[in-house]
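There are 2 protein chains.
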Amino acid sequence: MKYYNYENFKNDTNKLIKKVRPLEFEMIVGIARGGLTLAHSMAEGLDIREVQTLRTELYDKTCKREELSIFDSCKFDGEKRVLVVDDIADSGETLDAIMKHLKSKYSDIEFTSAALFYKKTSIYEPDFWINEANEWVEFFWEKDFKEG
Amino acid sequence: MKYYNYENFKNDTNKLIKKVRPLEFEMIVGIARGGLTLAHSMAEGLDIREVQTLRTELYDKTCKREELSIFDSCKFDGEKRVLVVDDIADSGETLDAIMKHLKSKYSDIEFTSAALFYKKTSIYEPDFWINEANEWVEFFWEKDFKEG
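Quick note, the sequences are listed as chains A and B, same order.
Just add 161 to wherever you are in the first sequence, counting from 1, and you've got this note's numbering.
Just add 161 to wherever you are in the second sequence, counting from 1, and you've got this note's numbering.
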């Protein structure tokens, strides 16, 4: 397991900001919870004021397969280009479902995805990513606030 | 000017988590942008999955005084206790307007506010805060992602 500390995050997020900057997004949607610190940091770096969140949940369908539900409270108001960010595309199911949902529900908007990590076995490859994940990544926000 | 780095943030956020934990919140609303990293970190520490955002903007009303607009895309679904977080209550106008707005629009929900910094001259005192701000605070997210 790799502990991914704030310094790692800072360096990689600055790389990701450089990659996406030419596309000039008007809003960032951060996937809760893993994508929220990244959404904030990229919004600061790209000078984007609008940040909203999306959340998914896995429901156990009475002994059958699990189903992914998307809780979408996003409000768009004329935006043309929106950046969707998450920490990692691991299985890729969350990002895959969210990107399909957003592109179908808001077909006038161009959605682009970005993540810090991408696993080669993911069913979805983010449009922009920085690191290939070869082992389990423990992000600092998952560890540093459990002390209380 | 005080540079507030990640280590300062980590220590103070853990203190804030300890203070609010007994109240058992079901959702966190982070005020964009300054409250977003705090919202994520507290959600991890308190094990709260629901995180949404609120945003304000100051409009210049044709040479008269500025007016604060609240962009509220929050969706509530039976929550009883919601925690509203921001980095700092400086003038306090943002938090004051947001708390009044939320309490009046969603009168069935109990809203509680928390911030890392509170300035004694603020017109609004958060229910929970950690540090008194005596000088300008530069948060790490305002500085660390401007390198690109």
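These are computed hints drawn from the structure, not numbers from a lab.
Since this is a predicted model, take the numbers as computed values, not measurements.
Certain hints may be false.
Note that the list lumps identical chains together, so a pair holds whenever it fits in one copy or between two copies.
Simulated crosslink set (DSS-like; lysine-lysine; CA at most 30 Å straight-line) [unchecked claim]:
1) Lys281 x Lys171
2) Lys264 x Lys280
3) Lys304 x Lys264
4) Lys266 x Lys304
5) Lys241 x Lys307
6) Lys241 x Lys264
7) Lys236 x Lys163
8) Lys180 x Lys307
9) Lys264 x Lys163
10) Lys281 x Lys236
11) Lys280 x Lys176
12) Lys163 x Lys241
13) Lys171 x Lys307
14) Lys281 x Lys163
15) Lys266 x Lys163
16) Lys236 x Lys180
17) Lys281 x Lys304
18) Lys241 x Lys304
19) Lys171 x Lys280
20) Lys176 x Lys264
21) Lys307 x Lys179
22) Lys171 x Lys266
Hint-by-hint comparison with the structure:
1. In this assembly of identical chains, the alpha carbons of Lys281 and Lys171 lie at most 30 Å apart only when taken from the same copy (23 Å versus 32 Å across copies).
2. In this assembly of identical chains, Lys264 and Lys280 lie within 30 Å of each other by CA distance solely inside one copy; the values are 23 Å within and 43 Å between copies.
3. In the homo-oligomer, the alpha carbons of Lys304 and Lys264 never lie at most 30 Å apart, since the shortest distance is 33 Å inside one protomer and 33 Å across protomers.
4. Neither within a single protomer nor between protomers do Lys266 and Lys304 lie at most 30 Å apart by alpha-carbon distance, with minima of 35 Å and 35 Å respectively.
5. Taking the closest pair of Cα atoms, Lys241 and Lys307 come within 30 Å of each other only across two copies (24 Å); inside a single copy the shortest separation is 39 Å, beyond that limit.
6. Taking the shortest Cα distances, Lys241 and Lys264 sit within 30 Å of each other inside one copy (12 Å), while across copies they are farther apart (33 Å).
7. Within a single copy, Lys236 and Lys163 get their C-alpha atoms no closer than 36 Å, and across copies no closer than 36 Å, so neither meets the 30 Å cut-off.
8. Taking the shortest alpha-carbon separations for Lys180 and Lys307, only the inter-copy value of 14 Å comes in at or below 30 Å, while the best intra-copy value is 33 Å.
9. Taking the shortest Cα distances, Lys264 and Lys163 never come within 30 Å of each other, neither inside one copy (33 Å) nor across copies (43 Å).
10. In this assembly of identical chains, Lys281 and Lys236 lie within 30 Å of each other by CA distance neither inside one copy nor across copies; the values are 33 Å within and 35 Å between.
11. Taking the closest pair of Cα atoms, Lys280 and Lys176 come within 30 Å of each other only inside a single copy of the chain (18 Å); across copies the shortest separation is 35 Å, beyond that limit.
12. With identical chains, the CA atoms of Lys163 and Lys241 are never at most 30 Å apart, being 37 Å at best within one copy and 38 Å at best between copies.
13. In this homomeric assembly, Lys171 and Lys307 come within 30 Å of each other (Cα to Cα) both inside a single copy, at 21 Å, and across copies, at 11 Å.
14. For the identical chains of this complex, Lys281 and Lys163 are intra-copy neighbours only, at 17 Å inside a copy versus 42 Å across copies, given an alpha-carbon limit of 30 Å.
15. Proximity of Lys266 and Lys163 under a CA criterion of 30 Å is satisfied in neither setting, with 37 Å inside one chain copy and 44 Å between copies.
16. Only within a single protomer do Lys236 and Lys180 lie at most 30 Å apart by alpha-carbon distance; the minimum there is 26 Å, versus 33 Å between protomers.
17. Only within a single protomer do Lys281 and Lys304 lie at most 30 Å apart by alpha-carbon distance; the minimum there is 25 Å, versus 33 Å between protomers.
18. Within a single copy, Lys241 and Lys304 get their C-alpha atoms only as close as 36 Å, which misses the 30 Å cut-off; across copies the closest is 28 Å, which meets it.
19. In this assembly of identical chains, Lys171 and Lys280 lie within 30 Å of each other by CA distance both inside one copy and across copies; the values are 20 Å within and 29 Å between.
20. With identical chains, the CA atoms of Lys176 and Lys264 are at most 30 Å apart within one copy only, with a shortest distance of 26 Å there and 41 Å across copies.
21. Proximity of Lys307 to Lys179 under the C-alpha cut-off of 30 Å is restricted to the inter-copy arrangement: shortest distance 10 Å between copies versus 32 Å within a copy.
22. Taking the shortest alpha-carbon separations for Lys171 and Lys266, neither the intra-copy value of 33 Å nor the inter-copy value of 38 Å comes in at or below 30 Å.
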